[in-house]
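**Student:** Sequence:
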Amino acid sequence: MNLPRPGRSGRLGGSPLALVALLGPWLGADAGEARHIEVQAVLGQMYDAVVDADDVETFGLSIPRGTALPRRLYPVRNLGVPMIQRANLKQYQAVLLRRPKRNYTAYLDPDRDDVWFVPPPPQPSSPVVWTNTAGGKWSVAANWSPNQVPGPTDEARITEDGTYTVTVDADAAVAGLTFGGDRGVQTLLLDYPNTLTLNGASVGRTTNGVLRITGGTLAVPENLVLAGPLECINGGRLTGRGTLTLNGGGQIRGPGDTDLVGCTLINAGKLEILGGTLRCRHWFTQTAGETRLAGGYLELDQPLVLQGGALTGNGTVIGSVINRAAVVPGGSPGTLTFTGDYTEERDAQLFVELSGTAPGREFDQLVVNGTASLGGTLNVSLPNDFFPPHGSAYAFLLAGTRTGEFARVHPELSTLGLKLDYGRNGATLIATGPAGPPTVTFERWVNGADLIVLAWPESAADWRLESAPALGGADGGAWSPIPPALYQTNAGIVSYAELIPPAGNRFFRLCQPGQNGVVMDRSVKPVRNDDD
Numbered sequence: 001m002n003l004p005r006p007g008r009s010g011r012l013g014g015s016p017l018a019l020v021a022l023l024g025p026w027l028g029a030d031a032g033e034a035r036h037i038e039v040q041a042v043l044g045q046m047y048d049a050v051v052d053a054d055d056v057e058t059f060g061l062s063i064p065r066g067t068a069l070p071r072r073l074y075p076v077r078n079l080g081v082p083m084i085q086r087a088n089l090k091q092y093q094a095v096l097l098r099r100p101k102r103n104y105t106a107y108l109d110p111d112r113d114d115v116w117f118v119p120p121p122p123q124p125s126s127p128v129v130w131t132n133t134a135g136g137k138w139s140v141a142a143n144w145s146p147n148q149v150p151g152p153t154d155e156a157r158i159t160e161d162g163t164y165t166v167t168v169d170a171d172a173a174v175a176g177l178t179f180g181g182d183r184g185v186q187t188l189l190l191d192y193p194n195t196l197t198l199n200g201a202s203v204g205r206t207t208n209g210v211l212r213i214t215g216g217t218l219a220v221p222e223n224l225v226l227a228g229p230l231e232c233i234n235g236g237r238l239t240g241r242g243t244l245t246l247n248g249g250g251q252i253r254g255p256g257d258t259d260l261v262g263c264t265l266i267n268a269g270k271l272e273i274l275g276g277t278l279r280c281r282h283w284f285t286q287t288a289g290e291t292r293l294a295g296g297y298l299e300l301d302q303p304l305v306l307q308g309g310a311l312t313g314n315g316t317v318i319g320s321v322i323n324r325a326a327v328v329p330g331g332s333p334g335t336l337t338f339t340g341d342y343t344e345e346r347d348a349q350l351f352v353e354l355s356g357t358a359p360g361r362e363f364d365q366l367v368v369n370g371t372a373s374l375g376g377t378l379n380v381s382l383p384n385d386f387f388p389p390h391g392s393a394y395a396f397l398l399a400g401t402r403t404g405e406f407a408r409v410h411p412e413l414s415t416l417g418l419k420l421d422y423g424r425n426g427a428t429l430i431a432t433g434p435a436g437p438p439t440v441t442f443e444r445w446v447n448g449a450d451l452i453v454l455a456w457p458e459s460a461a462d463w464r465l466e467s468a469p470a471l472g473g474a475d476g477g478a479w480s481p482i483p484p485a486l487y488q489t490n491a492g493i494v495s496y497a498e499l500i501p502p503a504g505n506r507f508f509r510l511c512q513p514g515q516n517g518v519v520m521d522r523s524v525k526p527v528r529n530d531d532d
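Numbering (my numbering), first residue to last: 1 to 532.
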């Protein structure tokens, strides 16, 4: 059943309609269509025989004589308690659980046997402000100004500067929450087994406000936007139908599990899953920032949608991922596993590092148990001066089924001595360059001068030798090419020899032109002309 939220109108027990259509008879509609009768809902007597009076309020509907009575009556936010019908009276009573005492205007449609409820606009109330900058318990009235614990109709504010912790030590509910000061660190601690319910839009206004959940429950019927971090330590629950937006990121630390039930999670900061499991029972969308797996699990009922930022790290996503931003497996390097499907859209990027031949330890892997649908950009890098040996293979993508291909690859793989090979169950990078890095030998000339000999495989015919008198600057120095005419070739080995006076310093590198003219240094490191 779709029920209207407070402050909005709707037809209970059916699809929402515009209030103007309902109130047509009073807004100048044809008198012949006036089939709705307006009645006023007023506070009635407590119906103690049903449930405890502390938790229940009732109101009566006084129906004008001669009015056809509906067979059912639904109050706003009915929580499943059966309606109390007194058929012998021209009155109905309905139960409202934990709702503030206020009047509702009800509109009766006898033809449809339905009743419409429109709550009055909320009455403004003064905020209840936390004043104890030494920290303390939420339930102590002396910690607040005025001297009262905020209730369901109050806005709670924890914005005083200083470093302190507010501990939610019992179940609590407020109309809204604002926390985070301009200086210091203000921590709101929600411990097991307590529940904090935020009935209205709430905000962590500065990065100084920390929401820390250690087994407790945060109910978010409306929206909560956090500028500071969310910390879930040893489990916890976030429930409701609102949206939780993390602009300040946060950390999930085990061994307990953190459950998000019903509410939508939006990450725009750095969210780290360091232990345990973060379970998202509704949508998880990332608009910016980073979600990093580093020892924990991310479990999804709906696909994770990467609209911005990156999904990084070593670990497992129990579910599917839609990539419109970036996926970066590993921690230089490592393995990222998706138990569901992986879908790349046009702007998607996948980053892979190769620094050795051992999968997961020396080169990155993305493992997809379902279908990997490619179509974005593959970015390949070779950190730590790695030189892929000729013929070596790097299965960086393993999938149950692969469809599509990368639309773009950066940089041009030939500049790295690699080629890309697609298979039914993934994709592999294969080294096509020389069998190994160039070799360098030195000989001492008899007159005290240095003879430097540089040699490399003839298969690196597109490489060129460059020299510089010194190292420095953003480009490593002023490098000048040595003409290939000065090279010598013998038995598949290309070499260059130069006699350098003792007072002279020369640096050499073997490189090849890369994409857009960028030099790809293939000599591992520049070499100087002495024995040091």
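Just so you know, the hints here were simulated from the structure itself, not pulled from any lab data. Keep in mind that a hint or two might mislead.
[Claimed, not checked] Below, a list of computed lysine to any residue pairs in the SDA-like style, where the Cα atoms sit at most 25 Å apart:
{"id": "1", "residue 1": "K419", "residue 2": "T377"}
{"id": "2", "residue 1": "K419", "residue 2": "V453"}
{"id": "3", "residue 1": "K419", "residue 2": "E345"}
{"id": "4", "residue 1": "K270", "residue 2": "D182"}
It should be emphasised that the depicted structure is a prediction, and the values quoted were computed from it without experimental measurement.
**Student:** Of the hints stated earlier, which fail here?
**Tutor:** The structure breaks only hint 2.
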